[in-house]
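Spelled out from the first residue to the last, the chains are:
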Amino acid sequence: MSSFGFGLITAAVLAIATVGFTMQFAVTNVLNLAYGSIMINSAFVAYYANVHGVTAWASLPFGVVTGAVASWALNRFVFTPFQRRNLAPITVVIVALGVDLIGTFGLQAIVGGSYVSYRQNTGHEYHILGMFLSGLQLIILAICAVVLVTIHWLLRYTRLGKAMRATSANPNLARNSGVKTQFIISTTWLISGALCGLAGVVFAMNNGVFEATSAQLYIVLLLAAMFLGGPGEPYGAMFGAMVIGLSTEVSAAYVNPQYKEVIAFVALLGMLTFRPYGIFGSEKTL
Amino acid sequence: MSVELSKQGQVLTATGLSAGYDGRPIVSGIDIQATPGKVVSIVGPNGSGKSTLLKSLVGVVRVLDGHVKIDDDDVTNLASEEVAKRGVGYVPQIDDVFPPLSVRENLEIGGYLLNRREVPSRIDAVLEFFPRLKGMMTRKAGKLSGGERKMLAMGRVLMLSPSVLVLDEPTANLAPLVATQLLEEYIRGFADHGSTVLLVEQRAKAALRISDWTYVLGGGRVVLAGAPKDLEQNPAFVESFLGGRPAAH
Numbered sequence: 001m002s003s004f005g006f007g008l009i010t011a012a013v014l015a016i017a018t019v020g021f022t023m024q025f026a027v028t029n030v031l032n033l034a035y036g037s038i039m040i041n042s043a044f045v046a047y048y049a050n051v052h053g054v055t056a057w058a059s060l061p062f063g064v065v066t067g068a069v070a071s072w073a074l075n076r077f078v079f080t081p082f083q084r085r086n087l088a089p090i091t092v093v094i095v096a097l098g099v100d101l102i103g104t105f106g107l108q109a110i111v112g113g114s115y116v117s118y119r120q121n122t123g124h125e126y127h128i129l130g131m132f133l134s135g136l137q138l139i140i141l142a143i144c145a146v147v148l149v150t151i152h153w154l155l156r157y158t159r160l161g162k163a164m165r166a167t168s169a170n171p172n173l174a175r176n177s178g179v180k181t182q183f184i185i186s187t188t189w190l191i192s193g194a195l196c197g198l199a200g201v202v203f204a205m206n207n208g209v210f211e212a213t214s215a216q217l218y219i220v221l222l223l224a225a226m227f228l229g230g231p232g233e234p235y236g237a238m239f240g241a242m243v244i245g246l247s248t249e250v251s252a253a254y255v256n257p258q259y260k261e262v263i264a265f266v267a268l269l270g271m272l273t274f275r276p277y278g279i280f281g282s283e284k285t286l
Numbered sequence: 001m002s003v004e005l006s007k008q009g010q011v012l013t014a015t016g017l018s019a020g021y022d023g024r025p026i027v028s029g030i031d032i033q034a035t036p037g038k039v040v041s042i043v044g045p046n047g048s049g050k051s052t053l054l055k056s057l058v059g060v061v062r063v064l065d066g067h068v069k070i071d072d073d074d075v076t077n078l079a080s081e082e083v084a085k086r087g088v089g090y091v092p093q094i095d096d097v098f099p100p101l102s103v104r105e106n107l108e109i110g111g112y113l114l115n116r117r118e119v120p121s122r123i124d125a126v127l128e129f130f131p132r133l134k135g136m137m138t139r140k141a142g143k144l145s146g147g148e149r150k151m152l153a154m155g156r157v158l159m160l161s162p163s164v165l166v167l168d169e170p171t172a173n174l175a176p177l178v179a180t181q182l183l184e185e186y187i188r189g190f191a192d193h194g195s196t197v198l199l200v201e202q203r204a205k206a207a208l209r210i211s212d213w214t215y216v217l218g219g220g221r222v223v224l225a226g227a228p229k230d231l232e233q234n235p236a237f238v239e240s241f242l243g244g245r246p247a248a249h
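From first to last, the protein sequence lines are chains A and B.
Numbering-wise, our numbering puts 226 at position 226 of the first sequence, and it's gapless, one number per residue.
Numbering-wise, our numbering puts 4 at position 4 of the second sequence, and it's gapless, one number per residue.
The set of hints was computed from the structure by calculation and includes no laboratory data.
A quick note: this is a predicted structure, and the numbers were derived from the prediction, not measured.
Just to be clear, a hint being listed does not mean it is correct.
Lysine to aspartate or glutamate pairs mimicking EDC-like chemistry, simulated, CA-CA at most 20 Å apart [claimed, not checked]: (1) B/K134 - B/E148; (2) A/K180 - B/D95; (3) B/K69 - B/E82; (4) B/K7 - B/E118; (5) B/K85 - B/D74; (6) A/K180 - B/E82; (7) B/K7 - B/E81; (8) B/K140 - B/D71; (9) B/K143 - B/E82; (10) A/K180 - B/E105; (11) A/K180 - B/E81; (12) B/K140 - B/E184.
Beta-carbon label-pair distances, calculated as ranges [stated by the list, open to error]: (13) B/G23 - A/F77: 21 to 29 Å; (14) B/H67 - A/I94: 38 to 46 Å; (15) B/G23 - A/I279: 41 to 49 Å; (16) B/P99 - A/L269: 40 to 48 Å; (17) A/I94 - B/G219: 20 to 28 Å; (18) A/T150 - B/N173: 37 to 45 Å; (19) B/R62 - A/V93: 23 to 31 Å.
From the three backbone atoms N, C-alpha and C, an ideal C-beta is built for every residue, glycine too.
When you get a sec, could you build the whole thing from the sequences and use the hints?
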């Protein structure tokens, strides 16, 4: 049951990250493999705010803003110029991979290779339904719940959210309807980037200790969760994150925990083989 | 028409227009005009550039040469959303709705440029015109039948009360009865109401029946133009598009 508790927290962090990741893919058509590097960079910005006297939770907005601004800038100054040249989508994926490596190892060059941790205590431990969860983990679960409800509200009930879904479904038709799709795409990068930054900070908090390359393999979990739920499907991302988060942690109780990314990778390959458009996606999604 | 769905038309003019992809023209030297209260149709064989021409008029395909005007306003190469703001409603041949969005959400996106408070009353007006959509407001557009989908596509553009309707093969994949109803009841109705209608139609006979003027496209150029009754006397046109001999008058 304790591994289920760990899985729940991993799933919560992954859900926040995957929703942002899949929103980027759905609306902007970019598979942003640099997502993990922005997560960890955001976590470090929040960390430096924390070591300079800001409390750990108050440093969270620093990470959120870093993720939002970095993602927006990445799209504005890197991805958009490549997309305007009408290059094959794989080119943008390779560019994203390059940005990921630059972001991760550039950070390592600046901050060094040592592990760091936020100055905070994890709070009391609570015994809930057979699981032992710390105060910190309960707050992470609460943040995840708030994020998922907010994203649901945004996409279903706001003009912006509907325009985002319309742009994702058919950008030309959205423009014909008067939607300024470039503005919608920029806003999507800001929102999904904010989620990326938020995910980076809670990921680092949940890990306890972290360093510049800590999120390097996280992209495997993100891809597995996204493809499991259906690429470009925010609700699918929530579902995929739950399944991948729980399965990787629960499996760690039976196999070497170092192989948990392998479990995610097996799930990803299985999904791509048998249902490449995911549980919630349709064939047209791809 | 019981509700004010479309506005008094504007004149849509293309002069010396060339347009295409990657700098290569698909259509060239096009001079066409659509005027208020009239249905102007464009017919021609597959690959003659009909859809590319329409897309260039509404800002989807780049105009390489020439001009597009709405009344005296030059809209050449304006972004699609700017063309929509000027009162041009465009229904593409395919991908004419947002499949993952519900019928209501499709209509809401159609009214994106409206003041938020106006949207519900506009939706009511569109539903009065297409009552069949009333019972399917929460259904995803991707689950609609061909005819329902086309009604939704038309309803989406009517949300902004367009003065010019640009329709690309609205009857494609529709049952003959539905196609006839769409052309003769709805599309002709818009023109009779004073709007400008520019229509690309594969079914030449049906297009001629509701048109006031027709352009024939071939190889990316206008090869023939005239009133339907004159075209019906043109042996080359009749043989190519109507499958028979000119009608005796």
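To see whether the hints hold, each was checked on the structure:
At roughly 11 Å between alpha-carbon atoms, B/K134 and B/E148 fall within 20 Å of each other, so this suggested pair holds. The suggested pairing of A/K180 with B/D95 holds, with an alpha-carbon distance near 18 Å, which does not exceed 20 Å. For the proposed pair B/K69 and B/E82, the alpha carbon gap of about 13 Å is at most 20 Å, so the pair holds. Proposed proximity of B/K7 and B/E118 is supported: the alpha carbons are some 16 Å apart, at most 20 Å.
For the suggested pair B/K85 and B/D74, the alpha carbons sit about 13 Å apart, so the restraint of at most 20 Å is met. Restraint check: the Cα-Cα separation between A/K180 and B/E82 comes to about 9 Å, which is no more than 20 Å; the hinted pair holds. For the given pair, B/K7 sits about 18 Å from B/E81 by alpha-carbon distance, which is consistent with the 20 Å threshold. About 37 Å separates the Cα atoms of B/K140 and B/D71, which puts this hinted pair outside 20 Å; it is violated.
At roughly 30 Å between alpha-carbon atoms, B/K143 and B/E82 are farther apart than 20 Å, so this suggested pair is violated. Distance check on the hinted pair: A/K180 and B/E105 sit about 17 Å apart at the alpha-carbon level, within 20 Å; holds. The hinted pair formed by A/K180 and B/E81 meets the criterion: a straight-line CA distance of about 7 Å does not exceed 20 Å. Restraint check: the Cα-Cα separation between B/K140 and B/E184 comes to about 28 Å, which exceeds 20 Å; the hinted pair is violated.
Look at B/G23 against A/F77: about 26 Å separates their beta carbons, and that is inside 21 to 29 Å. Between B/H67 and A/I94 the Cβ separation comes to about 41 Å, which falls inside the hinted range of 38 to 46 Å. With their beta carbons about 43 Å apart, B/G23 and A/I279 fall inside the hinted range of 41 to 49 Å. A hinted range of 40 to 48 Å for the beta carbons of B/P99 and A/L269 is inconsistent with their spacing of about 28 Å.
At roughly 40 Å, the beta-carbon separation of A/I94 and B/G219 lies outside the given 20 to 28 Å, and the hint is violated. Between A/T150 and B/N173, the C-beta spacing of about 40 Å keeps the proposed range 37 to 45 Å intact. With their beta carbons about 27 Å apart, B/R62 and A/V93 fall inside the hinted range of 23 to 31 Å.
The structure fails to meet hints 8, 9, 12, 16 and 17 from the earlier list, while all remaining hints are met.
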